[in-house]
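All chains, full assembly: derive it from the sequences and hints.
Protein chains: 2
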Amino acid sequence: MTESANLELLLNKLSPLLGDRLSRAEAVRQHHGEDLTHFDICLPDAVAYPHSTEEVSAIVKLCHMYETPVIPYGAGTALEGNFLAISGGLTLNFSQMDKIIALRHDDMDCTVEAGVTREQLNHEIRDTGLFFPIDPGANATLGGMAATRASGTNAVRYGTMRENVIRLKAVMADGTIITTSSRARKSAAGYDLTRLLVGSEGTLGIITEITVRLYGLPEAMSAAVCPFSSLEGAVNTVVETIQMGIPIARIELIDDMLIDVINRFSGFDYPLEPTLFMEFHGSNNAVKEQAEMVEEIAKSHGGHGFQWASRPEERNKLWQARHDGFLSMRSAYPGKNFWVTDVCVPISRLAECIRDTRKDIAKANMVAPLVGHVGDGNFHLTIPYDKNNPEDVAAIEQLNQRLIERAIAMDGTSTGEHGIGLGKKKYMALEHGPALDFMKIIKKSLDPKNILNPHKIFDL
Amino acid sequence: MTESANLELLLNKLSPLLGDRLSRAEAVRQHHGEDLTHFDICLPDAVAYPHSTEEVSAIVKLCHMYETPVIPYGAGTALEGNFLAISGGLTLNFSQMDKIIALRHDDMDCTVEAGVTREQLNHEIRDTGLFFPIDPGANATLGGMAATRASGTNAVRYGTMRENVIRLKAVMADGTIITTSSRARKSAAGYDLTRLLVGSEGTLGIITEITVRLYGLPEAMSAAVCPFSSLEGAVNTVVETIQMGIPIARIELIDDMLIDVINRFSGFDYPLEPTLFMEFHGSNNAVKEQAEMVEEIAKSHGGHGFQWASRPEERNKLWQARHDGFLSMRSAYPGKNFWVTDVCVPISRLAECIRDTRKDIAKANMVAPLVGHVGDGNFHLTIPYDKNNPEDVAAIEQLNQRLIERAIAMDGTSTGEHGIGLGKKKYMALEHGPALDFMKIIKKSLDPKNILNPHKIFDL
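Chains as they are written, first to last, in this note's numbering: chain P, 254 to 713; chain G, 254 to 713.
Keep in mind that the hints were calculated from the coordinates and are not lab data. There could be a bad hint or two in this list.
Chain copies aren't distinguished; within one or between two, either way the pair holds.
[Claimed, not checked] The calculated lysine-lysine pairs, modelled on DSBU-like cross-linking and capped at a C-alpha distance of 30 Å, are:
#, residue 1, residue 2
1, K570, K552
2, K697, K314
3, K697, K678
4, K616, K589
5, K612, K640
And the structure:
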């Protein structure tokens, strides 16, 4: 817990600065202290709503002085407890820093405040012929997406936040404001602070502005759904598509269990089989060429009945159904808690990793639908359970551990896109070995008082 | 200078370990103590030729114990004094760590020792249908390319070493061996140590193994050369091509002055005009489509007389001529020294930046041919001069300073791909502002004795 005398001193200093943008109300703290998944509630002591980088700097300076934890909060869609205030402190809610600062059409980039959401960004630039492709499903903020190195359905073609953040403005532990790089598309001028902060989950600096790449809207976009008679067939279609270098924009696997749940939630009638959701971007010719090649590959692996969706409303409906996977699960299992996990492996090991994981699930007699950005080798499980049932918890923890150990043994990672947060700290040593010590050295050097989102990623 | 008692103790320990792979011969030290450009000779005290990561670790442990500088050396093609032993110490020459450790066709990646050169790699994988696209011109080692965040002619399509290094094995300042990440295509598991080491020029850790992405050889490749009646026309063709999102594989600008030099060196008879060298990769249809679009754009900007080179030998000859730019200059200006510099700006400012730079060159009445990876906003000057003529030196330093200040003012960088080394340290504060302090904090925390390639990128 935060040392309470310090906390009072801090809040006394912050109050005149922020007025009613500083709250200690129970409901507000509650809202910022629980997440969508299986973590225990952890309330911050107070919540602030900054309006500018300078204000964040002033706040962090005070937190530094009073050695109080400070935790950035975007849209609250993180899945590994990444924003929970496990040692109290001050949560910074970025919802009032939601301006697009600059849109540079000729450079195909834009700079936004950390609280801008990806849907808002795409809405605001809809008439420019440009779009921002990174799509983790949830309508996350760009600040949160940068901090957790988010990716999602389009990453197979456009990359993750790692590849798409050009530069950041961030407030460091002592309140210093830095800009991590120029806007040049490449540079060899010193250490890559941009990519050091991307994925650091608010533990090295608090991201306040993000400059991201934008892309020209493709001439043609076409989506398709294809069911397979076996999961292996679907996975092998993905593997072969990637290995042939076909620049598919999205290729998502949804297993039969989740198809059923989605059908019931969204009113679709997809066959109850493992299914690939795909999207192709490019010139009219390129899209046609790509789609034909993938259809051919799919057929040779037991894919049958490609359904096309080329009109925007059809495509949107299809992707909405895909994105509603988690909501569908909540609707199908009312009153349940949910454990969400993800891993990512080299594509050559994907079929084997999914096969062995499904065996584990069957053996544990568990409901654990599988969905994934399989073009990257990344997949998720969403497991309904009862938080208060120790047997449920033990069974899931065991399954999760086996999943992660399997992924790491296959030269993969304990998390492709959800981050470490609280949930995966215990696997950091297994995944990184001696490299973990150097991450800790960096954390200690940049945040010697350990005030920036403490106890996330690893403990010191 | 290295404290000589320590040095003797170190060499006494290293000698039984390395035998004749440890040299203090004057000629060997000389070879490692001078570069291709304008820096003063700085000899290391000794040179070692390690055979394995474990051996590098043993050597670095001893250097750590005896507080002796240790400097990695690849092919010696760096241009900003990046490997010069300015405070003596031990240079590690990686030429005997030249094995391809693993080629994983299904994952389209491979792991190589740091001394493997890019030409060697492409030669050894020539029958696999895969290739490694990053091409800085010189036949650099992968270790050197990773350490300096190299890029080159193909970066406009395939990215730089930043995007193409999957993971690294490195020896840290205390001799600890780390692996920076898994081989998964994406991960959200902790700090991005891979990209922290890429571009750190050997100052944070010594890279011993590199895992890089490979790409499928495109179905079709076609190159073209197109002269323009004005430099502006050529630059604007590039800008428009990029802004239209045409996935051109290479688009290089060579000014009329360098065309003349190349013609004389390589026996071409290109018109003495600013010229674009281009390459297109993709399916037969895609290449045709892209090429037609670019030809159309070029025509509208005064481009005339596209010459196509589709046969491999023609293409190779064309790119050899481009890569021989520096050799051509050496041949055209025998006895001269050469000052080489590069900057990179957002594409929207490229035409203006090149125009103002050319004005500066004209005003200074200087020979300074301009060549560039202009699709990235990156260009170079190669300036023949006389090292011993203080007026020459002063004039070039002034031109270089104006160039860099201009690039930074345009939200660009002091170096797109050559790195900071010794040559551009003085611009780090201007480019990075307060962020530079955090780079120094990281350096001090990871290398507290300052033994890893000291005095490069910045002074402490």
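So, going through the hints one by one against the coordinates:
For a Cα distance limit of 30 Å, the shortest separation of K570 from K552 inside one copy, 25 Å, qualifies, whereas the shortest one across copies, 43 Å, does not. Proximity of K697 to K314 under the C-alpha cut-off of 30 Å is found in both arrangements, the shortest distances being 17 Å within a copy and 23 Å between copies. Taking CA atoms no more than 30 Å apart as the test, K697 paired with K678 passes in both settings, with 17 Å inside one copy and 26 Å between copies. Within a single copy, K616 and K589 get their C-alpha atoms as close as 21 Å, which meets the 30 Å cut-off; across copies the closest is 75 Å, which misses it.
Taking CA atoms no more than 30 Å apart as the test, K612 paired with K640 passes inside one copy only; the shortest distance there is 24 Å, against 71 Å between copies.
Checked against the numbered hints listed earlier, the structure breaks none of them; every hint is satisfied.
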